[in-house]
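In the order they appear, the protein sequences are chains A and B. First residue of the first sequence? That's 46 in our numbering, and the numbers climb one at a time after it. First residue of the second sequence? That's 46 in our numbering, and the numbers climb one at a time after it.
No distinction is drawn between identical chains; accordingly, a pair holds when it is met within one copy or between any pair of copies.
Restricting the straight-line Cα-Cα distance to at most 27 Å, the calculated cross-link-like pairs of lysine-lysine (BS3-like) are:
hint	residue 1	residue 2
1	Lys169	Lys179
2	Lys179	Lys148
3	Lys148	Lys169
Everything labelled a hint here was simulated from the structure, so no lab data went into it. Model, not experiment: these values are computed from the prediction.
Protein chains: 2
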Amino acid sequence: MSVSSREPGSSVGSDDPLYALVGRSIEVQRTVTERDILGFAELTGDFAPHHVDEEFAARSPYGRRIAHGVLLLGYASAASSELSAQIDQQVVSLGYDRIRFIKPVFLGDTVTVRYEVTDFEAAKRRTSARVEIKNQDGQLVAVATHLLQAPS
Amino acid sequence: MSVSSREPGSSVGSDDPLYALVGRSIEVQRTVTERDILGFAELTGDFAPHHVDEEFAARSPYGRRIAHGVLLLGYASAASSELSAQIDQQVVSLGYDRIRFIKPVFLGDTVTVRYEVTDFEAAKRRTSARVEIKNQDGQLVAVATHLLQAPS
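So here's chain A without its partners, still in its complex pose:
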């Protein structure tokens, strides 16, 4: 895994430490291994043949095994944890909006997850982030919106 981040320019407005996340982004890069997919199947119980059965997958429209979409989402959560560790405020994942698995991710693909905090809702103490996941060819394979919140 590689991690990078950048800081925003000057921030104005809220004194909430969460506000400092707005404009910050982080990238996490991961190679999706067979071990990851089999491990994810075991942990979640999702043994759909697209993911674990090479013979089945060879006859599917994809032609070979594909990663679980939710595994990719786990990488996004990892990115959010890395980024939120930069501030002195505990946060937890409130949820996701509009996750779309746009293209298949195959065993051996290397994906880059870009997580960028775009909004801060002061009253609810939550941030909203745009998640974009690309494969090694630069193709967008998944998008999502992620919400972080200060625990109450």
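The hints should help you fit chain B onto chain A, whose structure is shown.
Leaving out everything else, chain B in the frame of chain A:
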């Protein structure tokens, strides 16, 4: 894991095998073990201290370690795979809408995921399902909408 499902009454309308899923539901029950959470952290890279650091978690508003929300979502995907195996049509996960992690899930909690297909969009060959996850006390801990699609 325990799995149950029920069949709907008569179905009218589309000849698409996906249509047969509408009204069907399945329940999957899982105890969230420490091994699950540590395994999930390792697979995804999400080592946020809420999930893996008991000392940190003891001082957090939750008082002890909590499960990754996306791990729960993995159980929902597993439920969708179980249910969609009932029909003679390959489907894949298109994504999720409005996932909310409502209450914390702790190590040792037993959650029940209820997955019910509520809608079918014929033109796009996709189904929509309501996901509700409850803990052993019957409290709703997470909700989501899940989309399945016939691969093109």
